[in-house]
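Number of protein chains: 2
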Amino acid sequence: MKGKLTVVGFGPGSKEDMTFRAASAIEEADIVTGYTTYIDILKEFFPGKIYKSTGMMKEVERCRMAVEDAMSGKNVAMVSSGDSGIYGMAGIVYQIADEMGAEIDIETVPGITAASSAASLLGAPLMHDLALISLSDLMTPFDLIMKRVDCAGIGDMVIAFYNPKSKSRTDYLEHAVSVLLKYRSGDTPVGIVRNIGRKDQKITITTMSRIDYAQVDMFCTVVIGNSQTYVSDGRMITPRGYKI
Amino acid sequence: MKGKLTVVGFGPGSKEDMTFRAASAIEEADIVTGYTTYIDILKEFFPGKIYKSTGMMKEVERCRMAVEDAMSGKNVAMVSSGDSGIYGMAGIVYQIADEMGAEIDIETVPGITAASSAASLLGAPLMHDLALISLSDLMTPFDLIMKRVDCAGIGDMVIAFYNPKSKSRTDYLEHAVSVLLKYRSGDTPVGIVRNIGRKDQKITITTMSRIDYAQVDMFCTVVIGNSQTYVSDGRMITPRGYKI
Chain X
1 MKGKLTVVGF
11 GPGSKEDMTF
21 RAASAIEEAD
31 IVTGYTTYID
41 ILKEFFPGKI
51 YKSTGMMKEV
61 ERCRMAVEDA
71 MSGKNVAMVS
81 SGDSGIYGMA
91 GIVYQIADEM
101 GAEIDIETVP
111 GITAASSAAS
121 LLGAPLMHDL
131 ALISLSDLMT
141 PFDLIMKRVD
151 CAGIGDMVIA
161 FYNPKSKSRT
171 DYLEHAVSVL
181 LKYRSGDTPV
191 GIVRNIGRKD
201 QKITITTMSR
211 IDYAQVDMFC
221 TVVIGNSQTY
231 VSDGRMITPR
241 GYKI
Chain B
1 MKGKLTVVGF
11 GPGSKEDMTF
21 RAASAIEEAD
31 IVTGYTTYID
41 ILKEFFPGKI
51 YKSTGMMKEV
61 ERCRMAVEDA
71 MSGKNVAMVS
81 SGDSGIYGMA
91 GIVYQIADEM
101 GAEIDIETVP
111 GITAASSAAS
121 LLGAPLMHDL
131 ALISLSDLMT
141 PFDLIMKRVD
151 CAGIGDMVIA
161 FYNPKSKSRT
171 DYLEHAVSVL
181 LKYRSGDTPV
191 GIVRNIGRKD
201 QKITITTMSR
211 IDYAQVDMFC
221 TVVIGNSQTY
231 VSDGRMITPR
241 GYKI
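Protein sequences, first through last, are from chains X and B.
Residues 1 to 244, numbered by UniProt numbering, are exactly what the first sequence covers, in order.
Residues 1 to 244, numbered by UniProt numbering, are exactly what the second sequence covers, in order.
To be clear, the hints were calculated from the coordinates, so they are not data collected in a lab.
Treat the numbers as computed from the prediction; the structure is a model and nothing was measured.
Warning: the hint list may mix true and false statements.
[Said to hold, decoys possible] According to the in silico footprint, chain B covers these stretches of chain X (three or more CB under 8 Å from chain B):
id	region
1	85–96
2	101–110
3	139–152
4	195–202
5	223–236
Heads up, the beta-carbon is just placed ideally off N, CA and C, and yes, glycines get one too.
Using the sequences and the hints, build the whole thing.
Below you can see the structure in the form of structure tokens.
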């Protein structure tokens, strides 16, 4: 029997924010593979499945394991939070299956990406053209990241920052904001959502000049408004231009 | 009783790609309000609800109606495809409720945005920093749109174009691609998905210099790769940089 590998994005973390397709893919899988933290979340929703997990930074190893299991004829669900196709595992799965010459069916199931779930909690900050930028320099040169920040600044695009801080590089968000201050007022609204969809979820709305960088960590998504974004009644709104 | 208005993104169109939260919001609503085409889709999945629909370009009117219904104490679900928070109805709902002084509860339920669903069908094109740009100039000046395209070009960002063509302005995508050709090779992969998740869904993978503009219409989402994007086995992949 031909094996199957489904790369599943399960959204921010609650079962409510998964799609029916994502839940079915997990329920129908012989093996559910993923990063330890994600597997711990899913065990609550789908008890009794066979789970395989590896720690952080073991993405390549984890993908090989999942591809090998699929090659042996199993139906494997490779899971990650958010959307599997945005800073997710879909790319590396295709690359590794290709390299291994794996004759398996690969399918990608999209999920709600962090920009969308953060925005839904902040109000409506993403109503206009948007840049998604990861501040992780593990695999992307710092200069290229900041070039993209600069471009988003020139284009007055709303920005959602993924991976705004890591343990080793702590000042990237501060640097990115200093780049954006060339183009936008310090009063530009900023939304920070930590642990989206989890029990200790925290929502902060502030401005570019008043960000408390100490409270930002790797569990945060940061949304920077464009020149039109405003805050009303505790909500961050980017108007699209409707005549009201 | 205080009324409630939930702005629901139901994803690309199939029930499988809705979240549990979106389905619950629709099931629990007294009235489901939306654009006629979307309501027709939902009637199949949720028969027996009370639906209210208005045609295209009636967004402001539709929002007022939904806010008024909520003000009368009803539980209203305002629906749209994709993510309600990305080029969706969330912003205008907050703006109109604010203007009307409506004391109602407003909640936003995110959905799978077109960039995510298109990417899942094309392979894994969105694995790196990304710009979402709408080519509709109904409410955004043409020059600002093209400035953003130029910025995304300078920053070598993957781009997902929403609203690539309308009936009145047919050459915006062609213009945008000509801007990007300043920075990217004509061989850069391009993915076009039409009618995502519907019966007549069509997936095309081509290159910047070979786009058949006649086949692109307002029902398409267009993904342009960055300088690293390649096509393998009919799939469009943007590597993130993992050492395989």
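Quick rundown of the hints versus the structure:
1. Given as covered by chain B, the region 85–96 of chain X passes the check, having 11 residues with a CB less than 8 Å from a CB of that chain where 3 are the minimum.
2. Note: the region 101–110 of chain X has 3 residues with beta-carbon separation from chain B under 8 Å; the three-residue rule is met and the coverage holds.
3. Residues of the region 139–152 of chain X with a Cβ under 8 Å from some Cβ of chain B number 9, which satisfies the need for three, so the listed coverage holds.
4. Under a criterion of three residues with beta carbons nearer than 8 Å to beta carbons of chain B, the stated coverage of the region 195–202 of chain X fails, only 0 such residues being counted.
5. Beta-carbon proximity to chain B at under 8 Å applies to 3 residues in the region 223–236 of chain X; the threshold of 3 is reached and the given coverage holds.
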